[in-house]
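J.: Residue numbers (our numbering), protein chains in the order written: chain D, 1 to 258; chain P, 1001 to 1285.
Hints are computed from structural coordinates only; laboratory data are not their basis. Don't be surprised by glycine CBs; every beta carbon is placed ideally from N, CA and C. Errors might be hidden in some of the hints.
[Unchecked claim] Computed list of chain P residues with no C-beta within reach of chain D, every gap over 12 Å:
| hint | residue |
| --- | --- |
| 1 | Tyr1032 |
| 2 | Thr1076 |
| 3 | Asp1237 |
[To be verified] The calculated label-pair distances, taken between Cβ atoms and stated as ranges, are:
| hint | chain 1 | residue 1 | chain 2 | residue 2 | range |
| --- | --- | --- | --- | --- | --- |
| 4 | P | Met1043 | D | Gly42 | 50 to 60 Å |
| 5 | P | Tyr1218 | D | Val119 | 27 to 37 Å |
| 6 | D | Arg195 | P | Glu1147 | 31 to 41 Å |
| 7 | D | Val119 | P | Ser1220 | 21 to 31 Å |
| 8 | P | Arg1131 | D | Val255 | 44 to 54 Å |
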Amino acid sequence: MTDQPLLSVRNISRHYGAHIGCEDVSFDLYPGEVMGIVGESGSGKSTLLNCMAGHLTPDRGQVVFDTRADGPRDTVTMSEPERRMLSRTDWAFVHQHARDGLRMGVSAGGNVGERLMAVGARNYGDIRTKATDWLGRVEIDATRIDDRPSTFSGGMQQRLQIARNLVTGPRLVFMDEPTGGLDVSVQARLLDLLRGLVRDMGLSAVIVTHDLAVVRLLADRLMVMKSGRVVEQGLTDQVLDDPQHGYTQLLVSSVLQV
Amino acid sequence: MTEQAYNFAYLDEQTKRMIRRAILKGLAIPGYQVPFASREMPMPYGWGTGGVQVSAAVLCPEDRMKVIDQGADDTTNAVSIRSFFERTAGVETTTSTAEASVIQTRHRVPEMALSEGQILVYQVPIPEPLRFLEPRESETRKMHSLEEYGLMHVKLYEDIARHGHIATAYAYPVKVEGRYVMDPSPIPKFDNPKLSDCAAIQLFGAGREQRIYALPPYTSVVSLDFEDHPFEASKPDHPCGLCGAEDSYLDEVIMDDAGGRMFVCSDTDFCEARRLAGHKGKDAA
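Construct all of the structure, not just a fragment, from the sequences and the given hints.
T.: Quick look at the structure:
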């Protein structure tokens, strides 16, 4: 781990008219680290994630990313082509609903290959080999490579979305409720897969979720948000086992025990 | 005979000026789709309203016009557009490619090489090559402006994955001067190589979609492909039944209900000229 943070978020604020989306959020993310963001619906988690990933423009603040070529750059003020290039190469974004992140009319292989072709791959055989390899890594049978994602189950679609995002070897992955809407056994396999990929590839990730079990498994550090503000942050186990803020205590005690 | 109720070539001068401006902009930025205020024309959308407006804007009284539809000079669309300009512009018309100064075409490029001074006007139904891949116009415009054309190859990838080869046979996407990806209108991919380095001006008009784009003479036009699946200008593997030509694009004509068929040149002018010159195919009477 180096001393240079991969992503450094400084005083991000985003308002929707008079409503607060998120307010004055700052944190650093180091290479290989997984940051969890939890909070109830409407607490500004997704707003924050979208601001970081460049889908929304924050009203104030900086999102400094350590680019391969030029070192730390503020992605908020960087030009749109540069930002879109980043989001095709060094960044990945996993949507809650796989349908938002996949092209449903295009085969699984085409979905995985799209990012490769977007950065200039022009050899069909190579693209095909890489796609097959990635389908294998996310445990999708290679015989399904020419099937459309609409014929896949929810869990498979989600895994396909992950393969499609990771094929260009990004360094930073944004995940918005990656396990939302999946049943528990599928969730468990997906989490297992994600954990393996994050460890193997040395990815950094920002995971937004309302599921505390997900962050317990995946995240090194945790940030708790309420009404657009960060109320508590620290190591995951520390925050979950010894919550300090009243809201975090409420959140932790609300988890149903089986 | 010109009917005096019309302005020359049907459109009013202001409209022609607006269209000429769009054409000039299109010529200045080869392959870029220039929006224009398409007018209602006395024909239904899909019958060449875009091409007709572009032709009307470039026609001069001394021009000689040729109209082809799928290569033929004698089909409904070709005949009616030709008579439209005979009536409204009073220009001379011809079926000979060599003698025409303005050629309006649907779905074909003439077999004969065009020369400097000629204008080829294409009728375009859907000008946006990315349309069926990305439905949002705002997004496709952004992709054009940022030169993000990876998606176009996804379509070709899908073709190979599904059919084993690039099965797109018409409206095959091309890259113009290394910059804009362009839909060459639904010409067969056999005609794609003729777009490149062509001596004539090529203008594309899409009436319903309100877009004009253009290729100035001698523009480089490259068909997209993969390194291991290169572009191939395909055509039926037969000689023409009437004139015996081996290198022209052919139509398949069903002769009877017992499987009889014959292949003939789709470019009727080309075929006739060859027959007059004494060439004879196996089906020629």
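J.: So, for every hint listed, does it hold in this structure?
T.: Here's how the hints hold up against the structure:
no. : hint                                : result
1   : Tyr1032                             : 17 Å, holds
2   : Thr1076                             : 35 Å, holds
3   : Asp1237                             : 24 Å, holds
4   : P:Met1043 with D:Gly42: 50 to 60 Å  : 55 Å, holds
5   : P:Tyr1218 with D:Val119: 27 to 37 Å : 31 Å, holds
6   : D:Arg195 with P:Glu1147: 31 to 41 Å : 37 Å, holds
7   : D:Val119 with P:Ser1220: 21 to 31 Å : 24 Å, holds
8   : P:Arg1131 with D:Val255: 44 to 54 Å : 48 Å, holds
Checked against the numbered hints above, the structure breaks none of them.
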